[in-house]
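Chemist: For reference, the chains in residue letters:
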Amino acid sequence: MLAYLLNLATLICINAVLAITLNFIMGYAGIFSIAHAIFFGVGAYTAAYFALHASASVFLAIPVAMLIAALISLVLALPALRVRGEYFVAASLGLQVLGVTVFSEWKSITGGLGGVIGIPPADVFGYDVVDPVAFLALAATCLVIVLIATTALLRSSFGRNLKAIRDSESAAHAFGKNVAVIKTLSVMLSSALAAVAGALYAFYMGFINVESFTLETSVLLMAMVIIGGTGTVAGPIVGTLLLMLLPGLFSYMSFLPQTEIGSIQQIAYGLAMVLLMIYRPGGIVGSGTRAAGKGKTA
Amino acid sequence: MLLVQLLINGIQVGVLYALIAVGFSLIFGSTRIFHFAHGATFTLAAYAFYYVYAIAQWHWTLAVVAAAAAAVLFGVALNRFVYVPIQKHEGSFFTVFVASFGVGIVVQNLCGMIFGRSFVSVDTPLSRSVEVMSGVFVSPISGIAIVIAVLFFIGLQRFLMGTHTGMALRALSENPELVRVYGMSPRRLSMTVFALGSFLVVPAALLSAASSGLYPAIGHHVILISLAATIVGGVGSLRGAACAGLLLGLAENLALLYFEPQWSEAISFIVLFLFILFRPSGFFGRATAT
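Order-wise, the sequence lines are chains A and S. Just so it is clear: in the first sequence, position 288 is 288 by the numbering used here, and no numbers are missing. Just so it is clear: in the second sequence, position 269 is 269 by the numbering used here, and no numbers are missing.
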């Protein structure tokens, strides 16, 4: 039972990092990406490759993963600068499909569909983090750092610029803000921090394959942010907790057929997305009306 | 010979893509609703056909009627009970998109629970391939697909150009306010659009069920193709969407000459990605993206 709870708590920390970073671009920059799982994946594969071939130290593997993810995120920043709304969603969807194909086909790095096995445990100052409690502490530390970093950034002038761009790009431009640089930086930052979650995941599981980085993951992350409340600090965390605890809750309901739990869970969050959008588009934490995401239609 | 075979397969797949894409493009172009659940309409229609024809073993005409009814009812109900209430309080595209996405997830999992998550295909006498030349296999389904697609396009063109409602639908995509001024109800028109757009996926759903088979997550593929074709063809241009759908089908199959089959979907998306970057208005588009 304790092992189960520790596992759940660690996965919640990792997913919360992803939800917070996705909320950073969705809620504050107005960039609705459904390719977030790709950066999670890039982080995981980079950290795994680095750990297997160079060093398993988190102080080396995580920065390398962040750097690679930030560089690859330029591919996502490019369409974000040129188009908005539906067009950007379509572009990020394209990137997601492309990314999954690369993950499953670039066998020398990603191991293809079989994935990467035998990733060494994370190394912190020469100690191998094998104990689940220690790993939970590591994941929680990363979560707190990411949370503090993003919140601090959003309170700074950078955050105000981002919100200005979200609400009116042309107004921000007219006030002399460099819209292109600010948008690109926010995408790079969000992707780099998502890679932290990827690296943690790779170290924690010791095994990764493409299954964890598909469109379903991107949608689940999007659901976490939206159900919790886009553009709020607490929203993504509430959403993550809810969606991660849901499966456990359903498996306690013995009247449900055990083989269908996965589907029932997905139906529940699909329905939650529909009903929330009809009755409370701001999410659980958000105010009744949606402050974020008044994405201009093309 | 492989080239001829791939060309034939490409055209067969392409005309079906064209039909699906035109349905999506019609809905998106005239109501501006990002109808992600279009894939779910396809899944429902295909499984309705599968259920009535292959499981209940009724006559195929009944199965076709069931599929058409499922698609049209689903499309209209979705508009009435999800999109209209959302648009009442705010029209942000993302809110609509998320709700539509949620519906897609629900339909996919319900179908998975009811019909199983594995591949199923409907075996009809028409599905079997015959060797027409040495090494080239064609099933009667391909011919039927092309004929049906052409008939549907002619019908749609006639409807949009020749009838009063068709004209009103075209007006809706140009300027909904003006439509209201002329005393017509944009809401009633959008119902018509949904019924029509959803109806257009039916032939593609039936023919896919009878040729390549179906699985609960097929809706994802369907919507990806519709989206790609709509944007590559140019939002608001049905002709563009149809051409782009055909092209995507051909490209996907011809790519098999040089790449492994796993890459076919990725190739469509590289094309889409490049279009969004360099020519967001598509081949025939008039709307610009920024």
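Hints were generated in silico from the structure; no laboratory data involved. Misleading hints may appear alongside valid ones.
[Stated by the list, open to error] A few chain A residues that face chain S, going by a derived Cβ cut-off under 10 Å, partial list only:
1. Leu52
2. Ala90
3. Leu93
4. Gln96
5. Val97
6. Ala152
7. Leu154
8. Arg155
9. Gly159
10. Met253
11. Ser254
12. Pro257
13. Ile267
14. Met273
In this text the structure is predicted, and so the values were computed from the model without any measurement. For glycine and all other residues, C-beta sits at the position ideal for the given N, C-alpha and C.
Chemist: Compare the structure with each hint and give your call.
Modeler: Results for each hint:
| no. | hint | in the structure |
| --- | --- | --- |
| 1 | Leu52 | violated (25 Å) |
| 2 | Ala90 | holds (5 Å) |
| 3 | Leu93 | holds (7 Å) |
| 4 | Gln96 | holds (9 Å) |
| 5 | Val97 | holds (5 Å) |
| 6 | Ala152 | violated (27 Å) |
| 7 | Leu154 | violated (20 Å) |
| 8 | Arg155 | violated (25 Å) |
| 9 | Gly159 | violated (20 Å) |
| 10 | Met253 | violated (16 Å) |
| 11 | Ser254 | violated (18 Å) |
| 12 | Pro257 | holds (9 Å) |
| 13 | Ile267 | holds (5 Å) |
| 14 | Met273 | holds (3 Å) |
In this structure, the earlier hints numbered 1, 6, 7, 8, 9, 10 and 11 are contradicted, and the remaining ones agree with it.
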